[in-house]
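Trainee: One letter stands for each residue in the lines below.
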Amino acid sequence: MAHADREEIIQVVLDYLAQYDTSGTPGLDEDLFESGRVNSLFSIQLVGFLENTFRIKITVTDLDLQNFATVNRVADLVLAKSATTTGA
Amino acid sequence: MRHLLTAEETQYHKDLVERVGVAWGTGAADWDRRGGLPADVVRWCADEGLFGAALPAEFGGGGATAVRTGLMYEALGRVSASLASLVNVHGMAAQTLAKWGTEQQWASVMPGLAAGKRVAAICMTESGAGSDLSAIETELSEREGRLVLNGTKVFITFGQLADTFLVLAQREGRSVTCLVDRDNPGLTTTSMGDVLGLRAAALARVELRDCVVPAEDVVGRDGFGLSILVPHALEHGRHAVAWMALGMLGSAFSAVLDFVHERRSFGRDLVDHGQIQSMLTRMGTDLEAAKLLCVAASRAVDDRAPDASARILTAKYFVCRVLEEHAAQAVQILGSRGVLEDGVAARHYRDAKILNIIEGTTQIIERMLAPIFLRTRSQGGL
Ligand SMILES: Cc1cc2nc3c(=O)[nH]c(=O)nc-3n(C[C@H](O)[C@H](O)[C@H](O)COP(=O)(O)OP(=O)(O)OC[C@H]3O[C@@H](n4cnc5c(N)ncnc54)[C@H](O)[C@@H]3O)c2cc1C
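Note that the protein sequences, when read in sequence, are chains A and G. Numbering of the first sequence is given in this note's numbering, commencing with residue 110 and proceeding in unit increments. Numbering of the second sequence is given in this note's numbering, commencing with residue 60 and proceeding in unit increments.
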């Protein structure tokens with residue numbers, strides 16, 4: 110899924126979250142960490158999942174709470190990274 | 060294990076088991092008595108490329124797959140859990156840096172770590188914070204324009220020997236990690252004294268008093284120490300511990316199998332007594348299950364499978380649990396010989412307990428795994 114559009118990304122991320130969280134679909138701007146949906150084991154799985162699915166590499170410069178906090182922000186991150194990643 | 064591995068993996072493992080065995084097969088009891096590993100053992104690990112084996116090739120590492128990395132820990136665990144732990148804690152720190160370091164850190168720190176010229180330790184635990192690391196008090200703060208680190212870490216594996224320390228701290232309440240060198244004037248290490256197991260792991264209390272930390276030695280970003288960097292390190296650690304426990308279980312089983320053949324009691328070989336057969340059978344089947352779980356976990360990592368973390372947890376939990384049970388049974392079967400410190404059974408018996416405390420205690424792993432099993436079932440996966 111190297112060049113997905115925003116809606117596709119959001120859907121893929123929501124599907125992934127649904128596997129870990131059976132309490133219903135989060136709002137796109139809901140803080141995943143503060144709401145307790147995401148624990149520490151999950152956060153590194155999420156990094157691995159995003160890297161594999163969208164063929165991007167998440168590095169220290171992406172470690173910004175803003176990037177991971179909500180589904181919308183995750184989508185922004187993936188879009189921004191996909192734009193700078195050539196090939197795959 | 061041949062039936063679970065490729066021909067190359069089998070060969071790699073066989074060679075390494077032989078090399079470790081020839082070099083250090085009889086050293087472990089003495090290391091435990093001394094409470095540390097001799098310098099030539101550490102150098103040997105470096106020369107053999109073990110410290111960097113699992114690091115990506117672009118950092119000068121061996122680029123080993125997870126399966127090969129696991130087989131390395133198995134081979135080391137057979138001989139000594141302390142020896143395997145030397146490579147493990149170094150790996151935990153180095154892997155974390157390989158993933159979350161900056162270009163500058165990769166250039167300045169990774170070559171030494173990959174070559175094993177410098178040995179790393181990882182400092183998370185404090186006297187008031189073990190399983191719950193959110194309670195750590197070690198503080199990175201700014202003073203007169205400089206970053207200073209203050210706090211005390213305890214039970215740091217090879218803390219008496221390491222050249223560099225990856226330290227978990229908090230800055231204004233947000234978790235963060237940073238590197239501190241042995242020669243930092245604010246850092247002192249002292250022995251934790253005599254311990255039950257991992258006796259050769261040179262455990263240290265690490266005191267950090269106004270350690271000046273250059274800004275470029277901060278690893279990761281504030282707020283991500285606990286959520287990303289520590290879990291990353293622990294994942295490497297759990298994978299390693301599962302495999303080293305497998306090696307220990309295998310060598311305890313071998314010692315028992317040798318013994319039940321040669322020892323006679325009540326006119327029979329020991330192996331001909333039904334109760335002994337029960338113990339052997341439980342040990343043998345658990346060993347087989349342990350191999351399957353370890354290989355499955357590593358293959359999941361190599362395949363970047365979404366359930367890799369859960370498989371690592373499962374393997375760590377199971378193998379360490381059965382090791383603890385069977386190391387005790389190995390001592391039982393060996394009788395008085397089992398308690399001799401020169402034998403493998405007594406040492407594995409003591410070390411097995413430790414493996415159920417480090418990289419997540421039994422209870423902490425249960426708290427992580429139970430919800431995973433529930434979820435898997437609710438998704439029709441069980
Ligand atoms: C030999 C050895 C080497 C070590 N090496 C290192 C190292 O290199 N670096 C490092 O940072 N640390 C190291 N440690 C520390 C190790 O990681 C901790 O001991 C471990 O995390 C447990 O913390 P604790 O000992 O403070 O126990 P605690 O967290 O105080 O737990 C005490 C008991 O309570 C249980 N418990 C805690 N919370 C819960 C809960 N929520 N539900 C149920 N039960 C619970 C635990 O399972 C345990 O049985 C080492 C420890 C040992 C013994």
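Just so you know, these hints were derived from the structure itself, not from any lab. Glycine is no exception: its CB is placed at the ideal position from the N, C-alpha and C atoms. Careful, some of the hints might be misleading.
DSS-like, lysine-lysine: derived pairs with alpha carbons at most 25 angstroms apart [said to hold, decoys possible]:
hint, chain 1, residue 1, chain 2, residue 2
1, G, K176, G, K158
2, G, K158, A, K190
3, A, K190, A, K166
4, G, K73, A, K166
Interface residues of chain A toward chain G, partial, derived using beta-carbon atoms under 7 angstroms [what the hints assert, rightly or not]:
hint, residue
5, L150
6, S152
7, I153
8, Q154
9, L155
10, N161
11, V169
12, L174
Here are a few chain G residues that sit away from chain A, every Cβ distance over 12 angstroms (derived from the structure) [to be verified]:
hint, residue
13, R92
14, A116
15, P244
16, R322
17, T340
18, V360
19, M427
20, P430
Trainee: Flag every earlier hint the structure violates by its number, smallest first.
Mentor: 4, 9, 18, 19 and 20
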